[in-house]
Amino acid sequence: MIEYWNPQIERMPVDELKKVQEQKLCQLVKYVYEHSPFYRKRFDEAGVKPEDIKTLDDVTKLPFTFKQDLRDTYPTGMFCVPNNKLVRFHVSSGTTGKPTVVGYTDNDVKAWSTSLARALTSIGVGRDDVMQIGYGYGLFTGGLGMHYGAEEAGCTVLPTSSGNTERQIELMQDLGSTVIACTPSYLLFMIEAARDAGISFQDDTKLRVGVLGAEPWSEEMRKRIEESTGIKAYDIFGTSELSGPLFTECQSQNGIHIWADQFLVEVINPETGEPVANGERGELVITTLVKEALPLIRYRIGDITVLNWDECECGRTHPRIMRVLGRADDMLIVRGINVFPGQVESVLMKIPEVGEHFMIIVDRVNELDIMKVQIEMNEAAFSDKINDLMDLEKKVGAALKSVLNIAVKVELVEHGSLPRSMGKAKKVIDNRKI
Amino acid sequence: MEEKMIKQISLFAENKPGRLANIAEKFKEAGINIRAFTIAEAGDFGIIRMVVDEPDMAHKVLHDAGFTVSETNVLGVEMEDIPGQLAMIADVLSEKNINIDYAYAFVTKTEKAFLIVRVNDIRGAVKALDGANVRLLDMSDVHNI
Chain A
4 MIEYWNPQIE RMPVDELKKV QEQKLCQLVK YVYEHSPFYR KRFDEAGVKP EDIKTLDDVT
64 KLPFTFKQDL RDTYPTGMFC VPNNKLVRFH VSSGTTGKPT VVGYTDNDVK AWSTSLARAL
124 TSIGVGRDDV MQIGYGYGLF TGGLGMHYGA EEAGCTVLPT SSGNTERQIE LMQDLGSTVI
184 ACTPSYLLFM IEAARDAGIS FQDDTKLRVG VLGAEPWSEE MRKRIEESTG IKAYDIFGTS
244 ELSGPLFTEC QSQNGIHIWA DQFLVEVINP ETGEPVANGE RGELVITTLV KEALPLIRYR
304 IGDITVLNWD ECECGRTHPR IMRVLGRADD MLIVRGINVF PGQVESVLMK IPEVGEHFMI
364 IVDRVNELDI MKVQIEMNEA AFSDKINDLM DLEKKVGAAL KSVLNIAVKV ELVEHGSLPR
424 SMGKAKKVID NRKI
Chain B
6 MEEKMIKQIS LFAENKPGRL ANIAEKFKEA GINIRAFTIA EAGDFGIIRM VVDEPDMAHK
66 VLHDAGFTVS ETNVLGVEME DIPGQLAMIA DVLSEKNINI DYAYAFVTKT EKAFLIVRVN
126 DIRGAVKALD GANVRLLDMS DVHNI
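Line by line, the protein sequences give chains A and B. For the first sequence, my numbering gives the first residue as 4, with consecutive numbering after it. For the second sequence, my numbering gives the first residue as 6, with consecutive numbering after it.
Same shape as in the complex, but just chain A:
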């Protein structure tokens, strides 16, 4: 098994890496100013010229880019190349507004695949693996993005896409899948479906690795998945605006490596836009250093994270973004208190009586926010004494309150009654009309 996809780049000393970034940043700024009327206008409005960007520190002179910019210039108003240079489009689902279109040149697809090939190598996935890809294929970047990355890394790919779960499980057994790539929600759904059919992931499949992402999930969920399936579960990161799935954790399972020769990462205070101090949490901002079709300058990703430049025990020098369970736009404000669904998940998964699925429901009654969390219990935890179940509701409510600092009504619901998802799971219903 190879340890590094490209040791020279992955282990490059940080000061050299930063020099590479600096050089690429200067080129990029010139490139977008010349090729994108959108960026030229943006830079002019901000009073910044390409020649003002000489060092990495100058990056803060550049204006931010937002998802809204992609929507305002729909479909291809921000692209830097004409259509005849593109090899592919992807389009977001548009669940939170107008869909966004992203495009790729041949080099963009190659850089994307390389990024993932490095990442997969870092979790020991490669030539000897059969990777079953249960991310949706098609307009969503997850399926095809993973597909190209896995092929580049040398895997044999089983492109099942999402859905048709019985067949997924059958093929997993018949073709000996060793790696499953899908959302954590879909993996839970598959585990449950397999269990109902008398199939154990642990005993009846060759699965050893899960590459799970496209939605926030907690460390506690990782423990549950690893314990119930015997696989190692790794977090993957990416967003369609940047390309799609791009980075994963390494075998240390302690933060996701961002390839600094391809992307420049900043963490800022979401309110002021100022960089936060090293090790502090803030909003992730990424500049694509090598993209041709749709480069993004200081793109506000919306994820809340902590940047870590410490050398990782895996030997890679590239910085890591640490898990903090939430995106700025997933955050709920309940009675003035910030709540991330990931925090709720992390509390629930520590309680053995509680099953894997939950739903947060927020209502406003007489000007007061009411937060309710519905849970299913593990069958083994079911007692036929009412008091035991009421105690369980109280115990979960107290655990949530101690972490979230707000009163939460906990409601036990029947097994199977909370929605299962084959893609990104919906975990919040906000009924407030504000």
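Think of the hints as simulated: they come from the structure by calculation, not from any bench. Treat the hints with caution; some may be incorrect.
Partial chain A-side listing against chain B, Cβ under 10 angstroms, derived [claimed, not checked]:
{"#": "1", "residue": "12"}
{"#": "2", "residue": "15"}
{"#": "3", "residue": "379"}
{"#": "4", "residue": "382"}
{"#": "5", "residue": "389"}
{"#": "6", "residue": "392"}
{"#": "7", "residue": "396"}
For clarity, every value in this text was computed on a predicted model and none was experimentally measured. Every residue gets a Cβ at the ideal spot worked out from N, C-alpha and C, and that includes glycine.
Starting from the known structure of chain A, fit chain B onto it as the hints suggest.
Using the frame of chain A, we list chain B on its own:
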């Protein structure tokens, strides 16, 4: 001692329309006959407790249908259908400091009454009731009620 106990099926159900109909339908399909039945409710949810003629099959049918279900050992106490019987049984248990978690009762066509009872010390309860010459149901009785 196990033969003096009967298996009760308990299941978790949300308190909303259609739940009971769904469960009853499953039993109908499987040909399972309910002998005694009660619902304990606690707001959003309830626990349905049942004594049926085929408890293992009932457990499997409900479990396979996705319900959260358990089998618990309880006692079926035979009583004459006359005043004072329940008091006597309760006395026997309380003398041994045995607590009743819950109980429900029904009258049969043989003019006996049966008390289904879950206690905190089932072995102690069997001994105490045996000592007081109280007859306890076994699973074959449940079949033949």
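We went through each hint and held it up to the structure:
A cut of 10 angstroms between beta carbons decides the hint on residue 12 of chain A: the least distance to chain B is about 50 angstroms, and the hint is violated. At a threshold of 10 angstroms, the smallest CB-CB gap from residue 15 of chain A to chain B is about 53 angstroms, leaving the interface hint violated. This hint holds: residue 379 of chain A has a C-beta 8 angstroms from the nearest C-beta of chain B, less than the 10 angstroms allowed. Taking 10 angstroms as the C-beta cut-off, the interface hint given for residue 382 of chain A holds, the closest approach to chain B being about 5 angstroms.
For residue 389 of chain A, the suggested interface contact is upheld, since its CB lies about 5 angstroms from the closest CB of chain B, less than 10 angstroms. The interface hint given for residue 392 of chain A holds, since its Cβ lies 7 angstroms from the closest Cβ of chain B, which is under the 10 angstroms cut-off. Restraint check, residue 396 of chain A versus chain B: the minimum CB separation of about 9 angstroms is within 10 angstroms; hint holds.
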